[in-house]
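All residue numbers for the sequence shown refer to UniProt numbering, where the first residue is 1 and numbers rise by one.
Don't read these hints as lab results, they were simulated from the structure.
If you're wondering where the values come from, they're calculated on a predicted model, not measured in any experiment.
A portion of the hints provided could be inaccurate.
[Said to hold, decoys possible] Label-pair ranges, simulated between beta-carbon atoms:
no., residue 1, residue 2, range
1, E81, R13, 29 to 37 Å
2, R87, S125, 12 to 20 Å
3, G54, I6, 16 to 24 Å
4, G116, D55, 25 to 33 Å
Beta carbons: idealized from backbone N, C-alpha and C, even for Gly.
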Amino acid sequence: MRKSVIPAVRLPRADHGRLLQLARLASRDDHPVAAFLLAEVDRARVVDDAAEQGDVVVLDRWVTYRIDDGPIASHILVHPEAYVDARRQLSVLSPVGAALVGIPVGEPMPFATIEGVPRVVTALSVDPEPKVTSLTQWRRPAPRTAEHDPYDPGPSAA
């Protein structure tokens, strides 16, 4: 059996502090993922510059990944306090989230599910899904029609 190599972890300074605090608080509450997250944060190389992050999974950023040979999934990796939508978000305090945070794209990372089942997750991309529109993109106004003209004073003006 081949021994798996654990990829290096790089975290931005701001994420490192937040994750360290989160892992310590979760540890006090006996959260099942706390020790794993704390170990990942402890072994991380802290980087100051966004350019040093490169293709690395970080908080509040999209990640496309695959667990073992399963289907490809895309989520925004978030702090548990920001978690509101399971379809779009992945908590860093989940087994998959803790395994993904800080790893480079293309590197397989072993982890265990809450039930203790060994798995391997691979980050495939840290770019947003193609169908996702950024909120900062310019939006064209809806076309005006006679029925929906926002400048039409309506029947009371007659």
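So, going through the hints one by one against the coordinates:
At roughly 19 Å, the beta-carbon separation of E81 and R13 lies outside the given 29 to 37 Å, and the hint is violated. Separation of R87 from S125 is about 18 Å and conforms to the stated range, judged on CB atoms against 12 to 20 Å. One distance hint, 16 to 24 Å for the beta-carbon pair G54 and I6, holds here, with the actual separation near 18 Å. Hint check: G116 to D55, Cβ distance near 30 Å, so the stated range 25 to 33 Å holds.
In this structure, the one hint that does not hold is number 1.
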